[in-house]
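*Asks:* Start from chain A and add chain B according to the hints.
Going down the list, the sequences are from chains A and B. Number 1471 in the working numbering belongs to position 217 of the first sequence; there are no gaps in the numbering. Number 18 in the working numbering belongs to position 29 of the second sequence; there are no gaps in the numbering.
Certain hints may be false.
To be verified - Straight-line Cα separation of at most 25 Å, BS3-like style, residue types lysine-lysine; simulated pairs:
#	chain 1	residue 1	chain 2	residue 2
1	A	LYS1295	B	LYS206
2	A	LYS1293	B	LYS133
3	A	LYS1293	B	LYS139
4	A	LYS1295	B	LYS139
5	A	LYS1434	A	LYS1293
6	A	LYS1295	B	LYS129
7	B	LYS133	A	LYS1295
8	B	LYS207	B	LYS70
Calculated directly from the structure, the hints in this document are not laboratory data. Quick caveat: nothing in here was measured; it's all calculated off a predicted structure.
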Amino acid sequence: MDNTALQSTDVIIFVSSGLLVICLMFGFILYFLMSYRQKRKDYILLESQKQEIDQQKLKLEKTLLELKQTQAQLIQSEKMASLGELVAGISHEIQNPLNFVTNFAALNQDLMSELKEEVHNNNPEEVLAIVDDIMENEKKIQEHGKRAEGIIKSMLEHSRSGKGQKEMVDINVMCEEYIKVASEESKIKLGNLAGTYECIFSPETGKTELMKQDIGRVLLNLINNAFYATHQRWLAEQTQNPGYTPKVTIKTNRNPQIIEISISDNGTGIPESEKNKIFQPFFTTKPTGKGTGLGLSLASDIIRAHGGSITVQSEENIGSEFLIKLPFK
Amino acid sequence: MFFEFVHILYYISLIGVFLFCLFHIQKVSPPFIWICWLVVATSLSEGIAKMVVYFQLFSNNIIYHIFTPIEYGIYVVIFSKLFESTRISNILYGSWFILVLTEIINTLYFQPLHQTNTNIMILESVLLVFFSLLLFIFIKDSLKYDDLLKEGIFWFNSAILIYYAFNILVWGFHSFKIYTMINPPVIIYKVNLLFSALLYLVYGYAVFLNYTQQNHKKIKGHG
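Just chain A, with the same shape it has in the complex (with noise of 0.2 Å):
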């Protein structure tokens, strides 16, 4: 090896492989600078697509936040509405013993007049049967009030805030209950030929552990689309069909472990397009303002939540038959 001077061959060795060193690197670097770019335009475009979509996601809970608000407002409603077609019928049934009360205590009333006249006349016979007559209405009098007493006990049944606790009932006196409520309820509603039922009770069906009050909203809510149903079925057909006579019958049956409440009628019918739609939240066929579309839908989620299920059965101007099975407890 030459020790004093370097040879061409490294020369030209190390100028090249300096030059190599130096390009890889500035290749790199710009390599580097160029994919940074990139990767940063990419990131940019990234994060105004995540803030966009923060905004939109904050806009959709927002509007969710509204609707739940209105659901529960429309729930609340649906709920207050159901309370008022209740009180409307039991005011009705009240309606009867108390004008047996205040025709009584009128009657009782002139009686008296007539015992003043007879003491003064010394008339003791005519005395004692006028006393027998006032102690008769009397005793019709606190027999209606009575009446009316339960009436507005029941009332208060209703109206009493269920926390969910549930209760032995009895299935056939609770539907009994019901269907008068909203037979008088429709009577009032949709005149005199409407509110027409039939029950037909099974004795097996017996008592079983339910929340009352929310089974009680079911049957309410059923039957009164069963009256509606016909009604508007009878006021379709008065004058092509005369003889039609719309009808609402409730039914209970048990099978060993689970009792049939069936509610059925022969109204309008669903259109086979709507019967899956029946109860899904908001869904009516009712004009606006006459029901809220809730109706089916809590109804749907109350025998749910008893483990139960309900049905429909329908036929365009034949009727309806809705079906709730619940478990025997």
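*Replies:* Just chain B, lined up with the frame of chain A:
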């Protein structure tokens, strides 16, 4: 010979950057404060080396034996501040410890004080190239800089990558080809000196960019 163009360029660059750094050391962010200290330390070591040669006190190679670990130590601090990662910092300080240990072994057994410590310079260059590449990866992953060309960190790191990659070649060539020559060709060292001048100029530019950014932030803050 001493006042040749490359030498003049190198020393003027070094003095210029040294003065600039000295006046701006308090106005830049922490990693750049340490870049300023690096320039100051390099200027001092070069000054001492030249004085040693001028007064013929002892071999100026001793200065490089001492300065190389100090220089690498400052680089370690700069990188550790730029990475902002405890794990990388530990690796950096570990590498400094290894370099110091290697320097001692190298001085004792391979390149004594009167010889240039090229082995250590090669090791230092390899380590700096490695950390420079790692910092590039970190920059790419962080994506926090809008325009890299306006960032001092990019210029500083690019300068390190090119200069020290070239340094590996220079000192490698020196160790295996020229070291045993009676009249080594000075052209290689002059090329290296030219690159050193450019390195310090780029360091100065990086410090300037950081100073401008900090100043801009200050004005914005006051506004």
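*Asks:* Run every hint past the structure and note whether it holds.
*Replies:* Evaluated hints:
Between LYS1295(A) and LYS206(B) the CA atoms are separated by roughly 24 Å; this keeps the pair inside 25 Å, and the hint holds. Taking the CA atoms of LYS1293(A) and LYS133(B), the gap is about 11 Å. The hint holds against a cut of 25 Å. Between LYS1293(A) and LYS139(B), the direct Cα distance comes to roughly 17 Å. Compliance with the 25 Å bound is thereby established for this hinted pair. Proximity of LYS1295(A) to LYS139(B) is assessed by CA-CA distance (about 16 Å); at most 25 Å being required, the pair is judged to hold.
At roughly 75 Å between alpha-carbon atoms, LYS1434(A) and LYS1293(A) are farther apart than 25 Å, so this suggested pair is violated. Between the alpha carbons of LYS1295(A) and LYS129(B) the distance comes to roughly 12 Å, so the proposed pair stays at or under 25 Å and holds. Distance hint between LYS133(B) and LYS1295(A) is fulfilled; the C-alpha atoms sit about 12 Å from each other, no more than 25 Å. Restraint check for LYS207(B) and LYS70(B): the C-alpha separation of about 21 Å stays at or below 25 Å, so the hint holds.
Of the numbered hints listed earlier, the single one contradicted by the structure is hint 5.
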